[in-house]
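**Student:** Protein sequences, first through last, are from chains U and W. To convert, note that position 163 of the first sequence is 163 in the working numbering; the numbers rise steadily by one, no gaps. To convert, note that position 244 of the second sequence is 244 in the working numbering; the numbers rise steadily by one, no gaps.
Note that these hints are calculated values from the structure, not bench results. There may be inaccurate statements among the hints.
Listing some non-contacts, in silico: residues in chain U with all C-beta distances to chain W over 12 Å [as the list claims (entries may be wrong)]: (1) 40; (2) 49; (3) 107; (4) 134; (5) 228.
Here's a subset of chain W near chain U, in silico, CB distances under 8 Å, partners left out [stated by the list, open to error]: (6) 121; (7) 122; (8) 126; (9) 162; (10) 166; (11) 200; (12) 202; (13) 206; (14) 212; (15) 223.
Backbone N, C-alpha and C fix where the C-beta goes; we use that ideal spot for every residue, glycine too.
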Amino acid sequence: MRGVRFEEVTYRYPETPDPAIRGLTLDLECGEISWLFGPAGAGASTLLALASGAAPRHLGGIVSGRIRTLGSDPSAPAALAGRVAQLLPSPTLQLSGVANTVWEEVAFTPATLGWPRSRITATVDRSLTRLAVDHLRDRHPGTLSGGETRRVLLAALAATNPDLWLLDEPALALDDAGRNQLTALLREEARRGAAVVVASEDADLLAPVAHRLVFLSGGRVAADGRPGEVLRTTACRGSEAGNTSVALLAESIRRLIPESPRTRNPLPVFTEEFLERWRR
Amino acid sequence: MTGGPSPTRVHPFTSAVLATGTAILSLALPPWEGPLLHFLVVALVVLASRVRDTLWHGFLLVAPLWFFLVLIHAVLADPGSNPVMFGGRTLARDGLYLSLTQGSRLGVIILVTLTWYRTLDTSRLLDAVAARGGRVAWTGTWLAIATLHTIHRFQDRTRAILAAQRARGLRLTGSPVRRIRALRPLLVPLLLGALIEVDERALGLETRGLPSRRPRTPLAPPAVTLLDHLLRWGIALAVIAAILYRIFR
Chain U
1 MRGVRFEEVT YRYPETPDPA IRGLTLDLEC GEISWLFGPA GAGASTLLAL
51 ASGAAPRHLG GIVSGRIRTL GSDPSAPAAL AGRVAQLLPS PTLQLSGVAN
101 TVWEEVAFTP ATLGWPRSRI TATVDRSLTR LAVDHLRDRH PGTLSGGETR
151 RVLLAALAAT NPDLWLLDEP ALALDDAGRN QLTALLREEA RRGAAVVVAS
201 EDADLLAPVA HRLVFLSGGR VAADGRPGEV LRTTACRGSE AGNTSVALLA
251 ESIRRLIPES PRTRNPLPVF TEEFLERWRR
Chain W
1 MTGGPSPTRV HPFTSAVLAT GTAILSLALP PWEGPLLHFL VVALVVLASR
51 VRDTLWHGFL LVAPLWFFLV LIHAVLADPG SNPVMFGGRT LARDGLYLSL
101 TQGSRLGVII LVTLTWYRTL DTSRLLDAVA ARGGRVAWTG TWLAIATLHT
151 IHRFQDRTRA ILAAQRARGL RLTGSPVRRI RALRPLLVPL LLGALIEVDE
201 RALGLETRGL PSRRPRTPLA PPAVTLLDHL LRWGIALAVI AAILYRIFR
């Protein structure tokens with residue numbers, strides 16, 4: 001099954017002269033971690049909003065072309081309820097607001113979907129363990145830190161075993177342990193067969209785990225391929241945010257010793273590449 | 001969270017019935033001694049409860065109403081042939097009784113509403129509604145609770161904006177004119193932010209399964225105990241007795 005299909009999609013936000021997405025055609029597959037990235041205003045977060053139906057339903061604006069999310073029209077949210085796990089940039093606004101404990105918060109979506117109680121109990125316990133938030137189960141969601149709230153929300157989204165993940169900057173406010181749990185979750189979900197789509201500027205997080213990097217520029221796909229390959233393209237290297245820490249370090253070294261064979265193109269993007277070159 | 005630190009353990013419907021019944025009882029009791037005595041009893045019960053600070057919040061809401069009721073009906077009204085002297089002033093006796101009656105009734109309604117809100121366990125209420133009603137009833141209850149929650153969000157946002165504007169040099173002290181002027185940089189971001197947040201919140205909750213049309217599963221439906229039955233019937237009988245007394249006395 002295909003995760004999301006965009007066919008000749010153009011989208012313009014309300015009261016803006018230029019479209020945020022321009023005639024874009026793109027398939028995002030199940031079983032893959034697709035990383036959407038581009039300079040600010042490139043359209044990565046907008047694509048997530050279009051895939052979930054939030055645009056234009058909540059955000060307004062005009063859309064043309066055809067979008068299919070898990071084979072359905074995203075403008076009808078009932079068909080996708082529980083099948084799409086969407087993490088927004090403001091996680092506190094995604095909390096149910098009626099749960100007394102983290103356990104109830106994670107159980108909110110499965111209960112709202114009408115799952116049997118035994119199934120809810122099993123899936124909530126599993127989700128809390130997966131995101132390592134089991135120790136927070138009796139805490140009130142309103143008392144959590146930003147990173148804890150994000151992990152609890154990820155657990156809540158994972159509880160329904162969604163077929164599609166739409167994550168907007170998921171690593172914000174996460175510590176190292178949280179980032180590791182997040183990458184483990186993304187890998188597991190892709191392995192399970194879910195389509196995982198992440199809009200992020202965090203190259204250190206996504207470059208090692210993403211199967212595919214879709215580099216966007218001006219609402220169009222500028223490059224599409226394996227993260228290592230795309231990050232080495234000129235378009236992508238021109239964007240500071242798109243570089244991994246390793247790539248930035250390699251560039252700094254090249255400025256210091258431009259003649260060294262170790263600093264010739266293509267510069268390393270991943271830690272292993274960097275270490276291999278400097279071991280020689 | 002609406003539930004606060006000390007939610008009641010009676011069935012959520014029981015606390016709603018008690019709050020509604022107490023308010024109706026205040027309307028049914030014969031003026032003016034009935035509502036006033038009832039108000040004092042309710043105030044004492046609140047004072048003895050774990051949410052006793054509700055009494056102060058209630059007083060802040062009720063005091064202006066009382067003031068204007070007495071001013072309009074007793075002080076400014078024609079004292080007529082049966083006035084009452086109070087603090088060297090001649091007050092209209094009927095107007096004073098009317099003020100006491102209406103003020104007490106409003107006081108009871110405000111106090112029971114605040115107490116019910118402070119002691120409400122929203123999660124248990126939603127479970128109770130899910131166990132009894134269909135999807136529509138649950139969504140309606142949830143929407144009502146979510147609306148109540150916006151009060152807390154609004155308070156938090158006000159504090160944040162106030163702190164931010166103070167850091168940027170806003171002065172909230174001084175003459176009334178200065179204070180009124182200081183409201184603009186507070187109200188504009190507050191209202192605009194609240195409007196934007198409504199949209200974001202709607203989107204956020206859509207991601208939590210709200211568009212589903214299936215009946216909600218109650219996670220831990222509260223049981224109706226003997227105490228619940230006693231309380232419900234008790235308040236119902238009290239209301240009926242008060243109405244019958246008013247009719248046949």
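**Student:** Could you run down the list of hints and mark each one as holding or not?
**Tutor:** We went through each hint and held it up to the structure:
Taking the minimum C-beta to C-beta distance to chain W, about 20 Å, the non-interface status of residue 40 (chain U) holds against the 12 Å cut. Remark: the non-interface label on residue 49 (chain U) conflicts with the geometry, its nearest Cβ contact in chain W lying 9 Å away (cut-off 12 Å). At roughly 6 Å from the closest C-beta of chain W, the C-beta of residue 107 (chain U) falls inside 12 Å, breaking its exclusion from the interface. The beta carbon of residue 134 (chain U) sits about 18 Å from the closest Cβ of chain W, which is more than 12 Å, so the claim that it is off the interface holds.
Listed as a non-interface residue, residue 228 (chain U) keeps its Cβ farther than 12 Å from every Cβ of chain W; the least gap is roughly 32 Å. Evaluation of the residue 121 (chain W) hint against chain U yields a held restraint, the C-beta minimum of about 7 Å falling below 8 Å. Against a cut-off of 8 Å between C-beta atoms, the interface hint on residue 122 (chain W) holds, since the closest Cβ of chain U lies about 5 Å away. About 6 Å separates the beta-carbon of residue 126 (chain W) from the nearest beta-carbon of chain U, less than 8 Å, and the hint is met.
Checking residue 162 (chain W) against chain U: minimum C-beta separation of about 20 Å lies over 8 Å; hint violated. Of the supplied interface hints, the one on residue 166 (chain W) is violated, with its beta-carbon coming no nearer than about 23 Å to a beta-carbon of chain U, more than 8 Å. At a threshold of 8 Å, the smallest CB-CB gap from residue 200 (chain W) to chain U is about 5 Å, leaving the interface hint in force. Given hint, residue 202 (chain W) at the interface with chain U, holds; its Cβ is 6 Å from that chain's nearest Cβ, closer than 8 Å.
For residue 206 (chain W), the suggested interface contact is upheld, since its CB lies about 6 Å from the closest CB of chain U, less than 8 Å. Taking 8 Å as the C-beta contact cut-off toward chain U, the hint placing residue 212 (chain W) at the interface holds, the least distance being around 4 Å. Because the smallest distance between the Cβ of residue 223 (chain W) and any Cβ of chain U comes to about 15 Å, over 8 Å, the interface hint for this residue is violated.
In this structure, the earlier hints numbered 2, 3, 9, 10 and 15 are contradicted, and the remaining ones agree with it.
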